[in-house]
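Protein chains in written order, with our numbering: chain B, -12 to 204; chain A, 38 to 123.
Since the hints were derived computationally from the structure, they do not count as laboratory data. Glycine included, each C-beta is placed from N, C-alpha and C at the ideal position. Take the hints with a grain of salt, since some may be wrong.
[Stated by the list, open to error] Far from chain A by the CB rule (all over 10 Å, computed), these chain B residues:
no. : residue
1   : H6
2   : P29
3   : R39
4   : R122
5   : W159
6   : P160
7   : A181
8   : G187
[As the list claims (entries may be wrong)] Footprint (simulated), chain B over chain A, 3 or more residues, beta carbon under 8 Å:
no. : region
9   : 46 to 54
10  : 69 to 81
[Stated by the list, open to error] Selected chain B positions facing chain A (in silico; Cβ < 10 Å):
no. : residue
11  : A22
12  : F59
13  : R62
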Amino acid sequence: MRTLELEIPDWPGHVAGQHVDVRLTAEDGYRAERAYSLASAPGEPAVITVERLENGEVSPYLTQNVRPGDAFEIRGPIGGYFVWRPDDGGPLFLAAGGSRIAPMRAILRHRRNSMSEVKARLLYSSRTLEDVIYREELEGEEVFHTLTRAQPPGWTGYSRRVDVDLLREVAWPPEHGPLAFVCGPTSFVESVAAGLVEIGYPPGRIKTERFGATGGR
Amino acid sequence: MEALDGNAIGGTLYDVFGREMTMAQAECGGCGARGPVAECEVYLGGPGVVVRCRVCHSIVIVLVQVREMMCIDCGGLSDLELPTWR
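Next comes chain B alone, as it looks inside the complex (with noise of 0.2 Å):
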């Protein structure tokens, strides 16, 4: 896993939820092209983490080989779905499947630095907590953790894959009118998704934004 900060001439500023397509092009000319989520808040720097993937195209230069001034393509600040602005209101829950988790940093920090009053909940849910992104700073939001995997001695979090009894836990009820983000992979989403609408979500309230398990789009 690998933070990366970018420098990107003319950038005119992001929105909380978009992405850029970080392109690499092999010398042969051959193209390979990913999408990342920015996980910093608009009027801060472009930032993007980068999960390493086994067999991965582009993430393996971009946890390994890239160094400080190094030059990449890129394009965006993609994306006027999955975003938040303080105005769109709340209550706010989130729910981040895997690396996935930038997005919603992305939409915590703006939240805090506008010193809007929404109020917000995440739901995390990871393999192990070595596999946790932005944990120290995510200690100061309200934030339930799933561990998956495997789980440390002494854990007093959830322990299972997300199911429509935890939503009931963890989620706004529907009547406070909260809206709703979810992203990681496709199965994530979909369960997430379907979850919250059992539980009295409108459809239009939840916003998703899928990732292929393998990192692959």
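Once you've looked at the hints, dock chain A against the given chain B.
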């Protein structure tokens, strides 16, 4: 093949249309379902990009890059309404 969603092709669509497109309202020519492009099913694994209706799974958009030219077939859509960008 695992379906992603329209967020995944926001950059590609930006290149084609010259603007943010994930909030554009797409109407399926198959079943009439209407919703943001971001919520459509997207398959990236083939030779091109296939976009399907999330409700009836009809193909609504196909994008294929031929050398430096991007070809887009929106024949499966009955309407594509662009939002006012804020």
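How the hints compare with the structure:
For H6/B, the requirement that its beta carbon stay farther than 10 Å from each beta carbon of chain A is not met, with the minimum near 7 Å. Interface exclusion of P29/B from chain A stands, the closest Cβ pair being 14 Å apart, more than 10 Å. Separation of R39/B from chain A is adequate, the least Cβ-Cβ distance of about 20 Å exceeding the 10 Å criterion. For R122/B, the requirement that its beta carbon stay farther than 10 Å from each beta carbon of chain A is met, with the minimum near 26 Å.
With a cut of 10 Å on Cβ distances, W159/B stays outside the contact zone with chain A, its closest approach being about 22 Å. No Cβ of chain A approaches the Cβ of P160/B within 10 Å, the least distance being about 24 Å, so the stated non-interface status holds. Chain A leaves A181/B outside its interface by the beta-carbon criterion, the shortest separation being 13 Å against a cut-off of 10 Å. Consistency note on G187/B: stated as away from chain A, and its beta-carbon is indeed over 10 Å from all of that chain's, at 20 Å minimum.
Taking a C-beta to C-beta cut-off of 8 Å, the region 46 to 54 of chain A contributes 4 residues in contact with chain B, enough for the three needed, and the coverage statement holds. Requiring three or more residues with a Cβ within less than 8 Å of a Cβ of chain B, the coverage given for the region 69 to 81 of chain A holds, as 5 such residues are present. Look at A22/B: its Cβ gets to within about 6 Å of chain A, closer than 10 Å, so that hint holds up. Below 10 Å, beta-carbon pairs count as interface contacts, and F59/B has none with chain A, the closest being about 15 Å; its hint is therefore violated.
Taking 10 Å as the C-beta contact cut-off toward chain A, the hint placing R62/B at the interface holds, the least distance being around 5 Å.
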